[in-house]
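Undergrad: The lines below spell out each chain.
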Amino acid sequence: MAKTKNRPPELVQGTLDMLVLKALTRGNLHGYAVAEWIRATSRDVLRVQEGALYPALHRLELAGMLTSEWAVSDKGRRAKYYSLTAEGRKHLAAEAQSWHQLSGAIALVMRTV
Amino acid sequence: MLRQRLMALLRRQRLDQDLNDELAFHLTMRAGQLEESGVSHAEAAQAARRQFGNVAMIREGLRDMWGFPSAEALWRDIRYGARVLSRAPTFTIVAVLTIALGVGANTAVFSVADAVLLRPLPFPHADRLVRLYSIVNGSPIGPSTGDAHDFATESHTLQSLVIYDVWRKNVSGNTPGERPEQLRVGLVPGEFFTALGVTPLMGRVFTPEETRPGNDKVVVLTERYWRSHFGASPSVLGQSVRINDEPYTVIGIMPDVIPDWLDGTTFGPTLMWTPYVLTQEDFGALHHGDRGNGTIGVLRPGVTTAMATAELERIANELAERYPVNRGVGARVVPLADTRAGDLRPTLVLLVASVAMILLIACTNVASLIMARHTARRHEIVIRASLGAGRGSLVRQLVAEYLMLALLGGALGLAAAWIGGLALSSLHPANLPQLADVRIDARVLLYTLGISVGSGVLFGIIPALPATRGNLGTAIREGGRSGTGSKRRQTEQHALVVAQIACCVILVLWTSLIVKSLLRLEHQDSGFRADRLLTAHVTLPPARYPDADDAGPVERFCETFSERLRAIPGVRDATITTFFPPVNQYSRSFTLDGQAVSRLDDMPRASFGVVDDHYRTTLGIPLVEGRDFAGSDRATNPPVILINQALSQRYFADHDPIGRRLVLRQLSQGRPDSISTTATIVGVIGNTKNHGLAVEAAPEIIGLARQMPDMNAGFKYIVVRTSPEPFRAIESVRDALRSIDPELPLAEVATIDAVMAKQTTDRRLSATLLGLFTVGGVLLAIIGIYGVISYFVAQRTKEIGLRVTLGASRANILWLVLGAGLRLAAIGIAIGLIGGFAMGRVLSRFLFLVTATDPTIVVGVPLLIAGIAIVACYLPARRATRLDPVIALREA
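Order-wise, the sequence lines are chains A and P. The numbering of the first sequence is my numbering, which starts it at 1004 and goes up by one. The numbering of the second sequence is my numbering, which starts it at -16 and goes up by one.
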């Protein structure tokens, strides 16, 4: 089926946390906006499953990398907004660095004929 | 992280709502986006849901993450637990009953301990209320009026100090034809009520004016007297009550909040108060020796009892320099709440310790049941784990199950304690007024809940934890059969048995020491013939029977009454006296004639009473030397006295006391010389107890009432020896009294046997309760040991089979099992003996003529417990000897 063909590639294991943290560097966002930002920024390639997104958000919050507060969204509804903590920023920086190393390395390997 | 989880737990409701809102918001946003791209509203909502996946499952996952299971999950655990428990009814019933026994005993004892030791007093500023005692020869006694006055004026730690007294008086209400009854009347200043913070239901308390002589004919009634004698009439104020033949005007009604234990109830509860008349003279130099007043002190805010004691000791030292009768007299301040327990404190400490041990035995029993059950359940747990149940949810499941067990047992125990409490209060002895406040209230309920949950954790959850750990694969392969026969589990079970045996040893040790003491106390030689003696008290009101200078009317009454008593058919002898054994509350200082004492505080003191010439014969006290009082000892003759053997041995060790003279001095009146009476010793009589059953008889002097008019006061006991059952004579005794003075009530009617039994009430109560608890504890332990040894045999079936095959005899096998049991018993007994003696200090308060290391008990108790262990091991051991080796080897 067409659906299967167009299916976006699976997120590499462990990268979802990093993507969520990255999304939140742009400011406070609610869960839906995080998902939409990742989808739009990756030009529709990365679609975050809700079933994975919310556990990730809550796990990061419990780990102290995010904080949250309830505010009224631009649509006028009550929504939970997440923001990065200092610890979250540190974690993101570390994750990003090792990601760049890893993806650079993989690219090198793959480019070799 | 932990903080977040705690917050989550506290705000569970809120977080649940937040989770729902957050996910709902996402769905709405997604649906909105789809609608914008042209999908219909209904379809958009459905599509959003579809895309999201299983909302309920995600929500459940998030909840778990936050560490709070949903209400549904909890409910599921409870239903599952209930199903598991109901599928094992024997286990459940045994476990619940065991816990009920432990919790019930603890709840019952706690409800008593709470009422007597812990619950705050029912007064405002109760923590600042104290009692003040003078310390004479190491024992506390209420201060004299003079001392109390000086303490109150010189102290800076006491905000106020009130002294008061309690007297027996004949009282009648204003109903026409009402005969007087003897009641306890408190003599108090108005500040007595102010200090306690109690205000009258109506009317007022005494003014300072009313504590002056002549103005004192006013009375404040207790609520209960007002209800019983005035029908709670609202117009009672201004009516009158006759007290000792004089009218007193009712000026106030006090609510029944002043507890009876405040002054004991030796002569019944205090039902009314009149003013305590004190003049400047009562505070003067002559009134420092007249001790025994009741006190209520109020500490200044921030002052501790230790600070107050230090200050009052200093003042007492100053007083000792000013007044000879104060030499060597100290002072002590005690929180009022601490005086509430009185003699019950050591009893309660002991009972609390023993029920704690019962609970421990009960918990270990249930724990070993559960451990054995886990062997069977391991399979179930493993399967649930392999089907995806997390360790958290497994633990949660077990917690729910065992807490349910604990709470069921707790509820049953509470019911048992409640019924037991009812039974206890129905036989609540009148001389233990503290027990009146025992009730099952919120504090007791909270305690019961606490120990139920606590024991649930102890017996269930701690042993359950290892069951959820470990390698699932191995466990499945082992099929849950031999997987738990591990060394570690065995050690745990053996530790439980050792703990049970140790607890048993302590319980049995204490019980046997206390029962032996009680028996010694009750069966000691009383020194007189206590059977068939009837006693009663008569209060002669001073208005008609003046006792100050001329005791003529008192003496005439006594002579007529005793004659008429002796004339009653069935009465063999009768006496009128100021005391009878085993208590004589009066004492007197004396000197041997011709032997001057240079210091007043070196002057010897002896128990003292005045009687008539039938005292010794009525009570049946042996005459050791000399002669008894006789009719020929007339009032006008020089006074003669009897002494007891204790006095004879102490002061006349090497010469004959007969014919020697003693000078009796009444220091308390402050005029030592004018009140001294010189009397000749004519006889020595056998010792009878005079300070209670548990104390050796003190030296005692007995005078003839008619020869000592100044000591012939209007408080008289009659003692009547009857040939039939004593109470059969009671109506004739009443008639005889009525024929002399119809206005005199006959009070405190009892047999001397009953009076003596009352002396041991608290000991008998504690011995009975302790005995019951011990029997319960030992039965539990037998079940526990039996269970563990049976399990031991079951686990070793294969080994035993092998041994039999290799030629072991039945005796060998019997010894294998019994030996294992006895080894544990030996360790438990050793620990128990050490523990029992470590607490010996508490026990010494109870022991009478028995030492904590009583040889028969120290040897007997371990033998008894070893015997019990053998009995408990014997059945499983016998089963082991009957194993068919072939079957044993095949099955294992």
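Just so you know, these hints were derived from the structure itself, not from any lab. A hint or two may mislead.
Facing chain P, from chain A, some residues (calculated, C-beta under 10 angstroms) [claimed, not checked]: (1) Lys1025; (2) Ala1026; (3) Thr1028; (4) Asn1031; (5) Tyr1035; (6) Glu1039; (7) Leu1060; (8) Arg1062.
Every beta carbon over 12 angstroms from chain A, so not counted as near; a handful from chain P, in silico [what the hints assert, rightly or not]: (9) Gln16; (10) Ala31; (11) Gly44; (12) Asp47; (13) Trp49; (14) Asn120; (15) Pro238; (16) Glu264; (17) Asp326; (18) Arg379.
The beta-carbon is built from N, C-alpha and C at its ideal position, and this holds for glycine as well.
Undergrad: All hints are to be evaluated individually against the structure, with a verdict given for each.
TA: Evaluated hints:
Interface restraint check: A/Lys1025 against chain P, minimum CB-CB distance 20 angstroms, threshold 10 angstroms, status violated. A least Cβ separation of about 15 angstroms between A/Ala1026 and chain P goes past the 10 angstroms threshold, and the interface hint is therefore violated. Evaluation of the A/Thr1028 hint against chain P yields a violated restraint, the C-beta minimum of about 21 angstroms exceeding 10 angstroms. With a least beta-carbon distance of about 14 angstroms to chain P, the hint placing A/Asn1031 at the interface is violated under the 10 angstroms criterion.
Interface hint at A/Tyr1035: satisfied, since its Cβ lies 4 angstroms from the closest Cβ of chain P, which is below the 10 angstroms cut-off. Hint on A/Glu1039 holds. Least Cβ distance to chain P is approximately 8 angstroms, under the 10 angstroms limit. Given hint, A/Leu1060 at the interface with chain P, holds; its Cβ is 9 angstroms from that chain's nearest Cβ, closer than 10 angstroms. Satisfaction of the interface hint for A/Arg1062 is found here, the shortest Cβ-Cβ separation to chain P being roughly 7 angstroms, below the 10 angstroms cut-off.
Interface exclusion of P/Gln16 from chain A breaks down, the closest Cβ pair being 8 angstroms apart, not more than 12 angstroms. Against chain A, the non-interface label of P/Ala31 is violated: not every CB pair exceeds 12 angstroms, the least being about 9 angstroms. Consistency note on P/Gly44: stated as away from chain A, yet its beta-carbon is not over 12 angstroms from all of that chain's, at 6 angstroms minimum. Its closest Cβ contact with chain A, about 10 angstroms, brings P/Asp47 to no more than 12 angstroms, contrary to its assignment away from the interface.
Its closest Cβ contact with chain A, about 7 angstroms, brings P/Trp49 to no more than 12 angstroms, contrary to its assignment away from the interface. No beta-carbon of chain A is positioned within 12 angstroms of the beta-carbon of P/Asn120; the least distance is around 70 angstroms. Remark: the non-interface label on P/Pro238 is consistent with the geometry, its nearest Cβ contact in chain A lying 54 angstroms away (cut-off 12 angstroms). Non-interface call for P/Glu264 relative to chain A: holds, since the shortest CB-CB distance, roughly 81 angstroms, exceeds 12 angstroms.
Look at P/Asp326: its CB is around 58 angstroms from the nearest CB on chain A, clear of 12 angstroms, so calling it non-interface holds up. The beta carbon of P/Arg379 is kept farther than 12 angstroms from every beta carbon of chain A, the shortest such distance being approximately 19 angstroms.
The structure does not agree with the numbered hints 1, 2, 3, 4, 9, 10, 11, 12, 13 stated previously, though it agrees with the rest.
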